Structure formats: structure tokens, C-alpha cells
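**Student:** This is what each chain is made of:
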Amino acid sequence: MPDKMLPDISSEEHLFRGVPRIQWDFQHNRPSSAIFKDSKGVSVDRDYKRKNDECIKRLLELRDFVGVAKIKVQKVLEINASVFYKPTPDNIYHSEIHDSPHKINIGGSKAQKLRDASEVVYCKF
Amino acid sequence: MNGKNLATTAALITGMLIMNNSSSSVAFHRSTTNPKKAMANLNIGVTGVNSTRFGASNRFSLDLLHLNLQKLESLRNLEKNWNGYESDPIDNKIIDFAKEFIAKLAIQPQVFPTGRGTIQVEKHFDENNFFELELSQEVISIYSRRNNQENEVEVNISEMDKIIEELNA
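Here the protein sequences line up with chains A and B, keeping their order.
According to the numbering used here, the first sequence is numbered sequentially starting from 827.
According to the numbering used here, the second sequence is numbered sequentially starting from 1295.
Keep in mind the hints are simulated off the structure, nothing from the lab.
Please read all numbers here as calculations on a predicted model, not as lab measurements.
Even glycine gets a Cβ: it sits at the ideal position worked out from N, Cα and C.
One thing to keep in mind: the hints can contain errors.
Claimed, not checked - No farther apart than 30 Å at their CA atoms in a straight line, the calculated lysine-lysine pairs in the DSS-like style are these:
#, chain 1, residue 1, chain 2, residue 2
1, A, Lys-898, B, Lys-1374
2, A, Lys-883, B, Lys-1456
3, A, Lys-939, A, Lys-866
4, A, Lys-950, B, Lys-1417
5, A, Lys-866, A, Lys-896
What the hints assert, rightly or not - Per label pair, the in silico range of CB-to-CB distance:
#, chain 1, residue 1, chain 2, residue 2, range
6, B, Ser-1452, A, Glu-904, 35 to 43 Å
7, B, Asn-1445, A, Phe-951, 30 to 38 Å
8, B, Asn-1450, A, Phe-910, 47 to 55 Å
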């Protein structure tokens, strides 16, 4: 684990988010865009040079997620959403996706575009 | 009709009426009640039974409605942090509203809770034809695309019937 991470997240980094069963779209075998709707900002883990497996493992140790999705920071910025690095005492990788620098809640259109730009890197089924 | 009554009645009707998805025929069991009249009284998908909406008369499914109502009912049990990201529980009023809302739809969507305490109702026909609605206590946020025409708008929940009419059109 790095001692100190750069506060700026590189556009080449990926952001990881666990998906609970109740937000999994079984008809299309993907997460619902509902995972990108959170009034406190969409919590994600930045990779910070970690490999996929390490990022996934950390999330699955926390919770019995049925899926893990990742999205490249560059894609988030192309959708005109914003990414903030917000480490917590429990999670130095913690970051948040917001609608824009001045608005936290992500609208329907952006939420769906974020989902579409995401890649499922772990699926329980 | 409140959400609880609606759920109970829908469950009863599910027992009486089975829609055959492979054809537009309808099989009735254990009842001489005219299901169309029963549906009319409930104001649930009457047009869905005979309709050619979306080019198919057999898409209305009481089984799917029943499953959705069950899923929505289960949302009452979600506790704080249900998604692992400190989400709040879903308010009962929003659950009741969502139950009333989906019961009026001719085609059953999928329903999902969001981390901001709302309920998302979504149906994807294909990439260029879908709707995603976010139901809260005051507003319905709509994001839809029909024939590649994108639309994003927020309306007051008092406009529910108008929205339903449009979705069923």
C-alpha cells in the first residue's frame, strides 16, 4: 500500500465500484445505471497502480457484491462528470464521481452513459 | 387504492389469470369473473390485454407485475448501507408510489433502488428505445430515448397519469 497518493487522479486510472445483487440487471447481465445515483457522490476506488485482481479482491472482502465494474477516468471526464480523490481512514483509495464540479447528484443521462462506459470485471454468475 | 390493497389484489388476480406469452390467448382458471372487468376496475393494463401497443398484444404480463411488486415490497427491508456505500433506506411512501406506478404500465419494466433513496423504473427495448424513470417523493426524473430522440426532464408526481399515458402509447 502506498504511503501517500497523488491527490490528482490520472486520466489513465480506473475507478472500481461493487454492485449489490439488487442493482444487477439480470435481463442484460450488467449493472443498472442506478449504481451511479447517490446523493453523497458515487463512491469508487481508484486503482492507483494496482492490478484489477487486487482492486476486485479488496471490494469483495468488504461485501458480497455480485459484480464489480470499472470505468476509466478519461471516460468519466468525456461524459462531463467529475472525479474527486477523497480518502477516508478506512480506505485510502476512496474517490467520488459527481455530476460536475458544482453538482453532486448525477442525472439520468450521465448515469446511463457512465454505466455504458463501464466494464464488468467481476461477475458472480 | 393504496399500495397494499393493490399488491394483494394483483396477487389474487395472478392466481386467476395466466397470460400465455407464446400467443395472445388468455387462459382463465378457478374463476368465472370476467378478468377484463376486474382489470378495468383496478385500472391495470386494460388496454394491455387487447392492445397492439409496441406492436404486440401479449407483452402485458401479470407474472412480471407480480414479481416487480414483490421486489418493491422487499425494498422495505433494506437497511442503511444496503449497497455497501452508506446508502439510506428507501422511504415507504416512494415504495407505495412505485407500486402504484408500475401497476399502470402496459409493459413491465425492471425496478432498482438507488443509493439516494429513490426507485428507478427502467425498460430497454434496444439501444435507441428505452426509458429510465427515477421516482422520488416529489418528482419523477425521466430519461428516455425513442427512435434515437433523447429526452431528459423532471416532472411533478402529480403528472404521473400523463407520464403513464405517454409510456403506454
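**Student:** If a hint holds in the structure, say so; if it does not, say that too.
**Tutor:** Against the structure, the hints:
no.	hint	verdict
1	Lys-898/A - Lys-1374/B	holds, 29 Å
2	Lys-883/A - Lys-1456/B	violated, 47 Å
3	Lys-939/A - Lys-866/A	holds, 19 Å
4	Lys-950/A - Lys-1417/B	holds, 23 Å
5	Lys-866/A - Lys-896/A	holds, 19 Å
6	Ser-1452/B - Glu-904/A: 35 to 43 Å	holds, 37 Å
7	Asn-1445/B - Phe-951/A: 30 to 38 Å	holds, 33 Å
8	Asn-1450/B - Phe-910/A: 47 to 55 Å	violated, 32 Å
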